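Using the hints, put the two standalone chains together into the complex.
Going line by line, the protein sequences match chains A and B. Counting along the first sequence from 1, when you hit position 752 you're at 752 in full-length UniProt numbering, and nothing is skipped either side. Counting along the second sequence from 1, when you hit position 195 you're at 195 in full-length UniProt numbering, and nothing is skipped either side.
Calculated from the structure, these hints are not laboratory results. Keep in mind it's a predicted model, so treat the numbers as computed, not measured. Built from N, CA and C at the ideal position, the CB exists for glycine as well. Check before you lean on any hint, since a few could be wrong.
Claimed, not checked - With a Cα cut of at most 30 angstroms, we get these calculated DSSO-like pairs of lysine-lysine:
{"#": "1", "chain 1": "B", "residue 1": "K286", "chain 2": "A", "residue 2": "K297"}
{"#": "2", "chain 1": "B", "residue 1": "K104", "chain 2": "A", "residue 2": "K297"}
{"#": "3", "chain 1": "A", "residue 1": "K344", "chain 2": "B", "residue 2": "K26"}
{"#": "4", "chain 1": "A", "residue 1": "K107", "chain 2": "A", "residue 2": "K193"}
{"#": "5", "chain 1": "A", "residue 1": "K792", "chain 2": "B", "residue 2": "K26"}
{"#": "6", "chain 1": "B", "residue 1": "K98", "chain 2": "A", "residue 2": "K297"}
{"#": "7", "chain 1": "A", "residue 1": "K627", "chain 2": "B", "residue 2": "K40"}
Claimed, not checked - So the derived list for chain B, only partly shown, Cβ under 8 angstroms to chain A, looks like this:
{"#": "8", "residue": "T32"}
{"#": "9", "residue": "Q33"}
{"#": "10", "residue": "Y130"}
{"#": "11", "residue": "E160"}
{"#": "12", "residue": "L173"}
{"#": "13", "residue": "N279"}
{"#": "14", "residue": "F283"}
What the hints assert, rightly or not - Not close to chain A: a few residues of chain B, all C-beta gaps over 12 angstroms, as computed:
{"#": "15", "residue": "N92"}
{"#": "16", "residue": "L103"}
{"#": "17", "residue": "R246"}
{"#": "18", "residue": "W296"}
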Amino acid sequence: MKRYIYINDDETSQDLYCANRLSNRKYTLMNFLPKNLWEQFSRFMNQYFLLIACLQLWSLITPVNPASTWGPLIFIFAVSATKEAWDDYNRYLSDKKANEKEVWVVKQGIKKLIQSQDIRVGNIVWLRENDEVPCDLVLIGTSDPQGVCYVETAALDGETDLKTRLIPAACMGMDFELLHKIKGVIECPGPDKDIRRFDGNLRLLPPFIDNDVCPLTIKNTILQSCYLRNTEWACGVAVYTGNETKLGMTRGIPEPKLTAVDAMIDKLTGAIFVFQIVVVIVLGTAGNVWKDTEARKQWYVLYPQEFPWYELLVIPLRFELLCSIMIPISIKVSLDLVKSLYAKFIDWDYEMIDPETDTPSHATNTAISEDLAQVEYILTDKTGTLTENRMIFRRCCIGGIFYGNETGDALKDVGLLNAITSGSPDVIRFLTVMAVCNTVIPAKSKAGAILYKAQSQDEEALVHAAAQLHMVLVNKNASILEIKFNGSVLQYEILETLEFTSDRKRMSVVVKDCHSGNISLLSKGADEAILPYAHAGQQTRTFVEAVEQYSQLGLRTLCLAWREVEEDEYQEWSLMFKEASSTLIDREWRIAEVCQRLEHDLKVLGVTAIEDRLQDGVPETIETLRKAGINFWMLTGDKQNTAIQIALSCNFISPEPKGQLLSIDGKTEDEVCRSLERVLLTMRITTSEPKDVAFVVDGWALEIALKHYRKAFTELAILSRTAICCRVTPSQKAQLVELLKSCDYRTLAIGDGGNDVRMIQKADIGVGISGREGLQAARAADYSIGKFRFLKRLILVHGRYSYNRTAFLSQYSFYKSLLICFIQIL
Amino acid sequence: MEVEGGNTSANDAVARKISIQSRRAKVFYQFTQQNLPACKPVLTPSWIVTTFLLMGVIFIPIGLVTLRTSHSVIEIVERYDTECIPEKFRGNKVSYIKDSTILKNCSLYLKVPKHMKAPIYIYYQLDNYYQNHRRYVKSRNDQQLLHGLKSNDTSSCQPEDSSNGLPSVPCGLIAWSLFNDTFKFIRESSELVVNRKNIAWKSDRNHKFGKQVYPFNFQNGTFIGGGSLDPSVPLSDQEDLIVWMRTAALPSFRKMYGRIEEDLDADDVIAVHLMNNYNTYSFGGKKKLVLSTSSWLGGKNDFLGVAYVFVGSSSIIISLVFMLLHVKNPRPYGETAYLSWNR
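The shape of chain B in the complex, shown without the other chains (with noise of 0.2 angstroms):
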């Protein structure tokens, strides 16, 4: 018996293998012969009216549903940098920012329209900015954020690679142009406490900029661009600094500020107290400050569930519309009758 039982199995392997050897061979005939299975869809009429009516019904509610989300994010968008400006030097706005002995404050005063649930995300959005341009983008220079003077090839950073002979540190354009306007928060007299910190990304923090990099020799230079740092204070927590440094890629962008951690009431009426100190009037840039709940879907954005809504409607209106084309003169499938060299 157990010999029997030997040999079966033994003579079961050998068939498997053989079968498998074949099917090999089978796949291989099939290829060389072209005769692979294959499906290829044929876009009768009901397969495509079918599809875009699923399409219009998938859609729709996906839309719809991003639409309220969007709605539901509350967001306050001030528009400070004309109004910053005092009467008398609103004739010569450049002159004044560049003016280094006045100083610049400036209050706001934001209503809240609805109760705002924490944290409340604080964001500068600049227009017409173009943080994407070629000679401003390619002017940094990683290795040094990361290891400091360590790495002293900073050709990269032209023209903000060096002031008085010295390297800077961090250098080039990006660096050099730091967003230097603060914001106070006070409600009822009393501060707002923001949260500064965790405003970069954690990567950035970690792994791009060094803990041991100090700023050196930076903003020495005759002409000084933006804001300056603390010397005493590694790279890797200037955090201001490492959310600039990640550029926009439109024109139009905002930035995180920090982070207001207790709820807004609605009607609160919230003063801001800001250092104006950015330029952004020599080339006609705006500057506002946007203080915004956050959602699932994060910001405040409608577009995507437009998008939805739209693409979902218009499938129904153009499956509606082939479903009257097919009713109203049916075709027979496959008709030769209707080729092109037989009409």
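The following block holds chain A by itself, in its conformation from the complex (with noise of 0.2 angstroms):
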């Protein structure tokens, strides 16, 4: 359902769209009581103990006083339900206090202070410096001449660093007082989830210069809960309000995870429920008969002779209440009390507290500890989780010369310093593209120090080599880029950003010398996305046999090029660039397919080599672990070479001659195939030896082997202990977990960036790792540590603990209540 927003029209979109009143609420003052015993008579528990509740009550059949089942029912909803008015009174608290929040908005042509709660769709919001953005709004100014803005969204998606925003070209250059009437319709897709996508259109009225389309991205548009940065006001139209917003749109919540040990209670209970069942049908008969036979005869009784209708349930009835405590209504209860304390024990552990941060390990989900112990399958992913992430540019190679390698550090390599002062030609493109080819934000800080804040770990390891090599990225002006190289000062202007995607693997930049005027790529990318490119005179076996060896090493790489373009080439191009940006549909493919006609012909500068350390005692957790019994599955996006190296030197798999390694690989449906049969072959015969045998596959190979041999993968997946995939994108790695929990195995994920995050969500644990790649991660997991490490005493401590004492309290429950009943039934 797509929108037409009008902009700045105070009459026809009012009532179109909700208003931007906030509301996580889940009851209101009047529907709490209905609503909340709804909610908790829906669970067949409660119904149960309603049920029997009521039965007390009738005198003729109960007996005990009534009060021995209300007493405790009446406090077990009290609890419950005291529980979540309190959570509800606070969501209401910060309802309240973002709604009643005071913002400018232009109304009826002027700027009013208004309640937050109160924007509509269409007007326009003016925001300063470090305020909270209210609602989704697509930029139209800022204080910047360039249209720049810059956002924190920390809250959005845990992200710290700075992203810049920028105006749509419509807007640019618009007056201030001209924005107060700007008119306009803005086209956009009704409400979603996805805070990285905005697929609009902006076009703006007469007699605002012209009524050509301008497409809007995610990169025109400010998100709800971000705050405005280093830029000193911007305003904006506001798109979505209220819980329409990208973030209102993403809240919700998570489907409740079951823990095993809970399955089984739910079991146990159905099945004493028939249980209890049989014995009130045959003891209530026996009762019956007994009455009829026997009783009648004692005078002393004194039975009457008519009965009412119901005579014959009497007595099943009253069994029934006599085994009512059969199934224990205080379970639940125990339970939840007993798994929030395991809780505590994970956020009080003190040796998991990340000594470099100090960031204290955290169970966000209270309910599922136990299951920490029946783990059988972890699925790791590697960068940042089983490395440190944090990444130093340690060799390189520049035109088939290597450097760093005797030294371990390229940056004290002596001849590279040398090339440097010397002026090679070819080094000093190599050093542009690392200092230009990136979206790096430099900042300064009040020392007067320059801080770069990236997104990417590998673009700010890149950017600090170049500057470390003279070659400094000073200042980012909207498009024109500074750059200080031995004290001269270069400036290029960005003309476009071919941006990274994980299918491209590649990212580019299109700049302008401002100097001379000639216009050029510049490419950085994943090998098998640049070397491909390259143009047809070049050798490219040097850099094959560099990226081979870098990998070697465990040393992540990327491919450096660049290529002229001539001025008609780029116009051409860039008319077609701007049509597949403005497109609606499957806009990022077309990009792709765009951007793939100008990336050719690369003149490959070389290759470079940034390593990414171990974190502390891995191999060493992951073995303990394997002793245990768990496997390991590690899922990267990482290259196979660099992950298998890895894998090694992390105890993952074994060398050769103690332990095996089996590839997938092949490009085509019948490739795939064969070596998966191989591959399986070998593994049913090696089961019986005591060796370690691991596959590896590819993301492209296994997005074949899922979609066509699923069952031939399965029975892979069952058989190896150890697995690694590389090359396998977010969604791939959720695909992984579902395979394996379809085969009702228990497993973990650990991850730490917001690639993993939908694994993590699918898994019946997820664990975070609140490290470098942003939060996101660990918001979005059951656990968050700090370290690979303390993983190994979240399962062998405290899920043991857990699954221990979780199991002893549920047997301990049932076997009390069933102790006590059958004192009574005998």
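As structure tokens, then:
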């Protein structure tokens, strides 16, 4: 459903969309009691207890005082209702605070201060520096002459770096006064929860400039809960308000996870209920028969001659009441209490505090601690989880010459330093690409030092390395980029940024040298995304070798390339690009296609190698957990060689004589099928041998295997204790979790970045590492820990304790109730 | 000196305070880190064998002592419900017992097997009599028993709450079905004195049954259940009623009738003259007369002793079996090869 938003139109769109009134509340004062009771009674256990309690009100059949059931029942209801009410009250308070915040909004052409909850779709909202954004806005003006503003999106995605947001081209250079009167239509899709996408169009109405359609992307929006930083003011049109904002849509209660013990308890409860019914029927019938044959003769009981119609039911119902305690009423509440204590124990554990950042571990989901002890498969991310995710530029290969091989640090390599001072064009171009081809934002600190804010750790490492090699990225001002090299200042105008996507696996920028006016394309990306597009005359063998050599060492590699672009070619392409970026359907794919048209005939400059060190204690942790019978799968977006290197160095797989690594590859269905069968055969043979067999699969083959040979792959998954999946996308990670879950395995997924979120949410237990890639994973996870090595303690200590305790408590609850009940039955 | 002394004592106090605080902090720390000292017995074979052996050694003597005590109690049990019906009525016992015109006296002769020391307790025993029946148990009114007619809600006494439009005191099925056989004991033509006081619980007499409450309108209905009460004696002194109103939990029960406070010698013959009034014939119940001495464990009951001896001897047998098993295939402690997943 598309939206057409009329900017600054006070009449038409008033009531079409909801006001900007946030409401996270589940209840209101009026409906709290009925709604809460309804919710509680939708649980089978509670219905059962209510029925029992009601039966007890009938004094003819009740064996005990009704208070003995009503008391606990009311207590349990009161406890959960109070908890709900308290949570809801807190939500109400925070909503109220947000709703009553005052913001500047243009109404009837005049800027007014109104409460945030009165913002309507189409209103123009004005923000000052450090203001929180009250609803989703499309930017139309900022204090910056280039139309840039900076926002902090920590509340939205957990990333703490600043992000740039641009005003759309149509509003560029618009006057401060004019912005009050602006009229136009924004065409955008209905509310959704994708915080990385916004595909819209803006058309300004006459008299404003032209009526050309101007595409809008997520770059042109500032979303609710972000903060405006480093920008004096900004203003935008409200497009989504209230609970329809991107943040509002993402909110929502994730499906509750059920532990193995809970499922068992439910089953047992059912079984006991059936047993209870049997007991009631048998004893009830026996009672009725005895009454008819024996009790009539007992004159001292004085049975009346006439019976009411329900007479036959009386004795069975009495037995039902006597047996009702067979199902323990307290088990849910006591388990909840105990489980929240387990969670507290995890929070309190001093041995799981990250010494570097002082972050303690945290159990977000308090209900599933005992499942930690039941984990059979651990699916782990590599970067940031096994490794530190602190990227350091170590080596490079420029034009066939290797730097940094002797010292292990290219920044100290004399040859490279000499090449820079002597002004070797290849090397300088290489450094330029390092410094320019990125989305890093340099920010000056108060002391005058330059801080780089980057979304990607690799980019940050490259820019830092370039800076140390005298190619300093000094300033990025809208599209003008300043670089200081050996005392001279170079200026580039960034014409287009061809962004990185996980499908393209490369990013490029089109820049214009402000001095010479030459346009060039600078690219960096994974080897297989760059080397095939090298221009025909270039020998890429040395680079392939370099990539090979570096990934053998466990380093992450990136290939850098460039090419000159003719003015005409650029103009022509630019039009296509513009068109592609204003499509509403399949925009990403269209853009990728258009980018492809420019990214060819590249001149490959060299290869960079970035080191990502293993975290402390990773090998030991993996070894201990494997000894505990837990199987490990590594799912990474990195390339095969790097993944295998890391896997070897952290005990994931054993080296040759002891272990065997089988790889599934192939580009076509047939190839994959054949290699899959071969691996499966070897796997079946070697299961009896004491040999560690692991398989490696890359994203492409995995895609085919999951699609066409699911059965074979599932069997493989069951047979192998270790697997490495490289080049996998976030959704493939989630698919693998799903696959293992479908085989009835308990899975634990651990990761640190946004790409692991889906896997973490899918798995029975999600563990997030509160690492450097932001807090996204940690937020989505059930447990967040500071370092991978804490997983050992989390599973082997907390998991085991919790499991033992829960098992004891629930067994004891059932034992106790059955015991009391059997006394009564006998 | 004094100043110094004062100082040190103050320091001591501070130190103590700190140490208490730190101890508390330490305990809290240990709690949060799940380090609190704990001990859990490990059930090793030697432990188990010793425990079972010890149990046997302790239980068997206790059982023997209990059995011996129980055997020292002398008990005479005489069933009289059939014998006390004249031959010609044997075919239709119910109509005999319901016929109020016949005088239902009857005589029994009991031979004392051994010397019985005073006090000798007299009980009547009823079998197959369900005093625990729900309808029966609930049919009473404790307030009325204590306060008499002042408490006028007698709905709980149904179906025996009133007769002829007036409430009955005591009301309810229990009181209505009061046991009314009487016994007289004669030894060598002289009557034995039977003490019929203090046979009910003291608390019942003093607190549950009113001293000012007299039977009223009792057994006045069309259908007469059991015995009637003397309307001039307050309920707190009607000890037969009080005993009867403490309902028995099982269908076979004894209730105290009185006490003989002189010794009976071996081979004495005691003639019992009884009035066989109570109807147990319609439901096939048995009536028995019991004379019994007592020991420190109460009356004659072999169950406890037998149970002790049984449990004790089975423990010893189990411990021997375990010991043999352990000697035959010893198994090292904490051997992981035996774990289910290593087998």
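Taking the hints in turn, this is what the structure says about them:
At roughly 14 angstroms between alpha-carbon atoms, K286/B and K297/A fall within 30 angstroms of each other, so this suggested pair holds. Under the criterion of a C-alpha separation no larger than 30 angstroms, the hint pairing K104/B with K297/A is consistent with the structure, at around 22 angstroms. Taking the CA atoms of K344/A and K26/B, the gap is near 18 angstroms; set against the 30 angstroms cutoff, the hint holds. With a CA separation close to 29 angstroms, the supplied pair K107/A and K193/A stays within the 30 angstroms bound.
Among the hinted pairs, K792/A with K26/B is consistent with the structure: their alpha-carbon atoms are about 25 angstroms apart, no more than 30 angstroms. This hinted pair checks out: K98/B and K297/A have alpha carbons roughly 14 angstroms apart, not beyond 30 angstroms. Between K627/A and K40/B the alpha-carbon distance is near 26 angstroms, which keeps this suggested pair within the 30 angstroms criterion. About 4 angstroms separates the beta-carbon of T32/B from the nearest beta-carbon of chain A, less than 8 angstroms, and the hint is met.
Using the Cβ-Cβ criterion of 8 angstroms, the hint placing Q33/B at the interface with chain A is satisfied: the shortest such distance is roughly 6 angstroms. For the restraint placing Y130/B at the interface with chain A, the shortest Cβ-Cβ distance is roughly 6 angstroms, inside the 8 angstroms limit, so the hint holds. With 8 angstroms as the threshold, the beta carbon of E160/B comes within range of chain A, its nearest partner Cβ sitting at about 7 angstroms, so the hint holds. A distance limit of 8 angstroms between C-beta atoms decides the matter here; for L173/B the minimum to chain A is near 6 angstroms, and the interface restraint holds.
The restraint placing N279/B at the interface with chain A holds, with a minimum CB-CB distance near 7 angstroms, inside the 8 angstroms limit. At about 4 angstroms, the closest approach between the beta carbon of F283/B and any beta carbon in chain A falls short of 8 angstroms, and the interface hint on this residue holds. Every CB of chain A is more than 12 angstroms from the CB of N92/B (nearest about 15 angstroms), matching its label as outside the interface. No beta-carbon of chain A comes within 12 angstroms of the beta-carbon of L103/B; the shortest separation is about 22 angstroms.
With a least CB separation of 16 angstroms from chain A, R246/B remains clear of the 12 angstroms interface cut-off, as annotated. No beta-carbon of chain A comes within 12 angstroms of the beta-carbon of W296/B; the shortest separation is about 29 angstroms.
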